[in-house]
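**Q** Sequence:
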Amino acid sequence: MPTKKKLAQARAKAAQKAQAVSKLQAALRQPSPPYSSVDTSHSHLDFPESDTPMAPPSDTEEAVAPTGRQTRSRKRTVSEISESETSDAPVDKPVKKKSGPKPKSRPVKSVVPPKQPKKTPAPTASSDSDTSLAEPVTKPKKKKKKKQAIDSDGIEVALTVEMIFMIPEATSDGNQRVALDSSQSFEDAVEIMHETIGCVSVARKPTLAYKLSSAVQKAPTVNLRTAKDWDGLISDYTKKVKSKKDLSVVITVLPENYMFSLRGMNKKAPAIKKGVKKGKMTIIDLDNEDTDGDAEGDEGIEDAEKTAMADLDAAYRTVGHGPLAWQACGTNKVTKLTPPEGGLFHMFHGNNSNDGPPASAQPSYPHSQWHQLPPMQPGGYAVPGYPGYLQAPLFPHPPPTPARQPMMSSDPIEPDGIIYPSVIDFIETLITKAPQRIALRGVGETLDSLHFFEINEITSLTTQELGTEKFGSVVLGDAQYLLKQVQSEVKRLEKQARRGRH
Numbered sequence: 001m002p003t004k005k006k007l008a009q010a011r012a013k014a015a016q017k018a019q020a021v022s023k024l025q026a027a028l029r030q031p032s033p034p035y036s037s038v039d040t041s042h043s044h045l046d047f048p049e050s051d052t053p054m055a056p057p058s059d060t061e062e063a064v065a066p067t068g069r070q071t072r073s074r075k076r077t078v079s080e081i082s083e084s085e086t087s088d089a090p091v092d093k094p095v096k097k098k099s100g101p102k103p104k105s106r107p108v109k110s111v112v113p114p115k116q117p118k119k120t121p122a123p124t125a126s127s128d129s130d131t132s133l134a135e136p137v138t139k140p141k142k143k144k145k146k147k148q149a150i151d152s153d154g155i156e157v158a159l160t161v162e163m164i165f166m167i168p169e170a171t172s173d174g175n176q177r178v179a180l181d182s183s184q185s186f187e188d189a190v191e192i193m194h195e196t197i198g199c200v201s202v203a204r205k206p207t208l209a210y211k212l213s214s215a216v217q218k219a220p221t222v223n224l225r226t227a228k229d230w231d232g233l234i235s236d237y238t239k240k241v242k243s244k245k246d247l248s249v250v251i252t253v254l255p256e257n258y259m260f261s262l263r264g265m266n267k268k269a270p271a272i273k274k275g276v277k278k279g280k281m282t283i284i285d286l287d288n289e290d291t292d293g294d295a296e297g298d299e300g301i302e303d304a305e306k307t308a309m310a311d312l313d314a315a316y317r318t319v320g321h322g323p324l325a326w327q328a329c330g331t332n333k334v335t336k337l338t339p340p341e342g343g344l345f346h347m348f349h350g351n352n353s354n355d356g357p358p359a360s361a362q363p364s365y366p367h368s369q370w371h372q373l374p375p376m377q378p379g380g381y382a383v384p385g386y387p388g389y390l391q392a393p394l395f396p397h398p399p400p401t402p403a404r405q406p407m408m409s410s411d412p413i414e415p416d417g418i419i420y421p422s423v424i425d426f427i428e429t430l431i432t433k434a435p436q437r438i439a440l441r442g443v444g445e446t447l448d449s450l451h452f453f454e455i456n457e458i459t460s461l462t463t464q465e466l467g468t469e470k471f472g473s474v475v476l477g478d479a480q481y482l483l484k485q486v487q488s489e490v491k492r493l494e495k496q497a498r499r500g501r502h
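So that you can map any letter, position 447 of the sequence shown is 447 in full-length UniProt numbering, and since no number is skipped, the others follow by simple counting.
Treat each hint with caution, since some may be false.
25 angstroms max Cα-Cα, derived SDA-like pairs, lysine to any residue [stated by the list, open to error]:
1. 205 to 488
2. 244 to 163
3. 484 to 195
4. 244 to 230
5. 240 to 181
6. 245 to 178
7. 205 to 249
What follows is a list of derived Cβ distance ranges for each label pair [said to hold, decoys possible]:
8. 166 to 475: 20 to 30 angstroms
9. 213 to 287: 25 to 35 angstroms
10. 432 to 341: 48 to 58 angstroms
Read the hints as simulated data drawn from the structure, not as lab findings. Cβ atoms here follow ideal geometry from the backbone N, Cα and C, with glycine treated the same way.
Just need the whole structure built from these sequences, with the hints factored in.
**A** Have a look at this one:
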């Protein structure tokens, strides 16, 4: 069979190759002659032909023998070629491969590891050439730190800035110069501003705004309501204070009529600038109380209301009762001067049994007097009597009834004055309500030593007078609180007394 023949030929070729390999290995073990002594006339190796098939190569031979691809790709040097290889022995021609389509081979992609970037060595100070070729190293920019001070323990502490404030006050027409540190909190700063303005004891607080003295005159003010506004004020001041030495913060109180109302509570007339027309400003109810216009000085009452009160007082000053309300009841035969009949209005109706008899009615025409002569009768009808006689009046007219004299009332006499509490007792009551005002106890003893016994006697005092040494240098907040409570109590007692009379 052709397959057996091909198998025998293949085995023969394999045996020949094994012999050639063994010879080659033996030649490699021997020392090679110099290049000039090599005989290159023989170009073929002499392999003897053999009909007997050879056994397949062992495992050791397969391990030693290189693959066909490796032998073809490897180039040997002249020293590796032996004399046997250069002999003129005949060599079998290689078997030609059959023509036909070549088997498809799938290309294998070689996996090459990625090249790592070369690390450039840091330049050394020894070589000048290396330093000249090295790239310049850019240093990161450092943030500017705020100026800080170091205390005794070595801890950095932020520096504080002393800020100058110009704050208006109700006790005078000018501004008060106050120095505050930037380290103070927003609540503490607002409390100091309220004490300077004089609105601590007032229920309605103003809206504060500020503007730097270096700003343009037409520049708007900035509201100061929250802690963020306070931080913005500090940053604005620290930026401007570096270039300007005489820098201050001007505080504005809003609304515009707030200071006018606050000075009105302290009974101080507001300042009016020359050349400026006096504008009519309304007074704000800073205590959030609904007043009925009974305050002293008629503060808060409009002009029309004053006129109406004056007319009403003039009309009913001589009447024992005030304005009558029965006219609005719609009762029949009831007018402003005629009250209704009933148990509630019996004192307004007179008793007929006590009245005297009415006088006779006057004649509608003048009667003849006793000293006149009778009129002459027309001629031809009658002749008058002679001598003449006096004519008596036609109707008798009795004398008028004498007027009744007013009688004294049986009711007890009402006291004209109002009983006011003493200053010491009133201050003790205030301390009970507000324990933080305990410093007012010494004020009460000082006022009693100066013969201010009742609270209505100190309504004419001002906060400036209470702040003097004569009255014990009362603090501004305590003085305003005391005067406000005294005025409210006096108004309440007077109002209660007026209602009791009617």
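**Q** Confirm or reject each hint.
**A** Hint check:
A threshold of 25 angstroms between alpha carbons decides the hint, and for residue 205 with residue 488 the separation of about 19 angstroms falls inside it, so the pair holds. Distance check on the hinted pair: residue 244 and residue 163 sit about 13 angstroms apart at the alpha-carbon level, within 25 angstroms; holds. Of the supplied pair hints, the one linking residue 484 and residue 195 holds, its CA atoms being roughly 15 angstroms apart against a limit of 25 angstroms. Only pairs whose Cα atoms come within 25 angstroms are accepted, and residue 244 paired with residue 230 is accepted, the gap being roughly 20 angstroms.
Restraint check for residue 240 and residue 181: satisfied, since their Cα atoms lie roughly 16 angstroms apart, inside the 25 angstroms limit. Restraint check: the Cα-Cα separation between residue 245 and residue 178 comes to about 16 angstroms, which is no more than 25 angstroms; the hinted pair holds. Of the pairs offered as hints, the one joining residue 205 and residue 249 holds, with about 20 angstroms between alpha carbons and a cut-off of 25 angstroms not exceeded. For residue 166 and residue 475, the hinted distance range of 20 to 30 angstroms is satisfied, since their beta carbons lie about 22 angstroms from each other.
In this structure the supplied range 25 to 35 angstroms holds for residue 213 paired with residue 287, their Cβ-Cβ distance being about 34 angstroms. The supplied range of 48 to 58 angstroms is met by residue 432 and residue 341, whose beta-carbon atoms lie about 52 angstroms from each other.
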